[in-house]
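Asker: These are the residues of each chain, in order.
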Amino acid sequence: MTDAVDAEEIRHVADLARLDLADDEVGEFVDQFGAILEHFEQLEEVPEVDADPDLVNVMRPDEVEESLTQAEALANAEETEDGRFKGPNVS
Amino acid sequence: MNLNAFITETDIEGEAGGPLDGTTVAVKDNISTEGVPTTCGSRMLEDYEAPYDATVVERLTEAGGTIVGKANMDEFGMGTTTETSYFGPTKNPVDEERVPGGSSGGSAAAVAAGEADVALGSDTGGSVRAPAAFCGVVGIKPTYGLVSRYGLVAYANSLEQIGPIAPTVEEAAELLDVIAGPDPRDGTTRDEGADSDYAGAAEGDVDGLTVGVPRELVEGADDRVVERFEASLDDLRAQGGETVEVDLPSCEYAVAAYYVIAMSEASSNLARFDGVRYGNSGGFDGNWNETFAAARSEGFGDEVKRRILLGTYALSAGYHDKYYKQAQEARSWVKQDFDEAFEDVDVLASPTMPVLPPKLGESLDDPVQMYLADANTTPANLANLPAISVPAGEADGLPVGLQFVGPKFGEETIVNAAAAVEEHGN
Chain A
1 MTDAVDAEEI RHVADLARLD LADDEVGEFV DQFGAILEHF EQLEEVPEVD ADPDLVNVMR
61 PDEVEESLTQ AEALANAEET EDGRFKGPNV S
Chain B
1001 MNLNAFITET DIEGEAGGPL DGTTVAVKDN ISTEGVPTTC GSRMLEDYEA PYDATVVERL
1061 TEAGGTIVGK ANMDEFGMGT TTETSYFGPT KNPVDEERVP GGSSGGSAAA VAAGEADVAL
1121 GSDTGGSVRA PAAFCGVVGI KPTYGLVSRY GLVAYANSLE QIGPIAPTVE EAAELLDVIA
1181 GPDPRDGTTR DEGADSDYAG AAEGDVDGLT VGVPRELVEG ADDRVVERFE ASLDDLRAQG
1241 GETVEVDLPS CEYAVAAYYV IAMSEASSNL ARFDGVRYGN SGGFDGNWNE TFAAARSEGF
1301 GDEVKRRILL GTYALSAGYH DKYYKQAQEA RSWVKQDFDE AFEDVDVLAS PTMPVLPPKL
1361 GESLDDPVQM YLADANTTPA NLANLPAISV PAGEADGLPV GLQFVGPKFG EETIVNAAAA
1421 VEEHGN
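Protein chains in written order, with my numbering: chain A, 1 to 91; chain B, 1001 to 1426.
Rather than coming from a laboratory, the hints here were simulated on the basis of the structure. It cannot be assumed that every hint is accurate.
Selected chain A positions facing chain B (Cβ under 10 angstroms, derived; list incomplete) [stated by the list, open to error]: (1) 12; (2) 64; (3) 77.
C-beta: ideal position from N, C-alpha, C; glycine also.
Make a model of the complete structure from these sequences and hints.
Answerer: Structure, rendered in structure tokens:
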């Protein structure tokens, strides 16, 4: 049985992902997500696999190296103030 | 004829005297190139100019390559047709009513049309191989860790690799030689690509080579594609290769596993686009969350929103085990299946794409159908393995690509096998 995703859930997830959706977008995503999640549900049939993790941590000393200048780092920001990024109010 | 292969045309000259001296290169527009726009095909980054070069761009220009343009692509690499680009679709130079494949569609179209000698794309679930197949050129997805991702704008970083696109196997391998090798700026790179000679492996000597053919990757394909694929296998056998059927039952789950993992990683990676440090700004009125949401809703297109939402959903409490954890199990299973197959065969062969290039506008309305077009390419990304798409003739006047997947760091093997198909293709 598919988890039917309703408009309320889409709006909740959109809120978590910081996306504003118009009402018609919500309607479209409700329909499409039903079909996509139904396809994903076949993953429930996948057996447990006994795999050795082949990941290792790669460490190096933390050394100061050449990097972007402050001006270069700020160059793509819409607004800056006193050499810093400017953002909206936090509250 | 304007294919819309480039988002930005450039003239960045390389150093004289290297192996790519005199070679023109198209670079996918999600690969950072200092001082020119790097848009990722998105309105979000329409005005973004990268302040530094990706490692592969440094290596290209040091080798003498001239970068002639930043190539069009599906927005943030999310698509299989290059139709999700904010800058409009790229046309397939073989048939301008059809898509070039994606997401590196601009790169493949530029090479196929001669607008660049060679190109770089990136391949997260087939994004180098799909457009190579649809445009009738060669594309390589390297083993994970062979090529530095430093400066590649991340979509799903556990899956993606930058890879070459070229008219011939040897030229693709030569470009791979230039970009491969360890990079201290990407901790996932490995030493295997240092001092490589993949171009030298393009001999097409398949005498005694064992080619496995996974039933699961042939059965679902269009009959016209299968016919060309079978003809190429006949050619390989005539050259002394042996073909054997193999079973990769895990591959039935590859598309679902790939999309769950890619979307989950995308939802996290694309959280950085808030319009403050770079990208489309949401302004400075209202609070933090409202302005970020405004910036993102305006800057991202439908497919990107779809993947961010689904990824957020798949990782959310109550659904994580059902989707994300199961997708990781499937990924382990795919790896294990390939490992077992390579105990008996040297390479695996399948059609690259199960379909011929669709017409522009046909694919976007049904996301599940579009995702299923990646059935044969996603397994190599899940298993971190090298894969190549090589032209295997035409059906109804449209290119068909054959894919070889090799064992980990087996680039020489797939390059050699692909050269044998290329010589006998028509």
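Asker: Quick one, is the residue 12 (chain A) hint okay against chain B at 10 angstroms, beta carbons?
Answerer: Holds. Min distance 9 angstroms.
Asker: Given residue 77 (chain A) as an interface hint, is its Cβ closer than 10 angstroms to any Cβ of chain B?
Answerer: holds (6 angstroms)
Asker: Using Cβ atoms only, decide whether residue 64 (chain A) comes closer than 10 angstroms to chain B, and label the hint accordingly.
Answerer: violated (14 angstroms)
Checked against the numbered hints above, the structure violates only hint 2.
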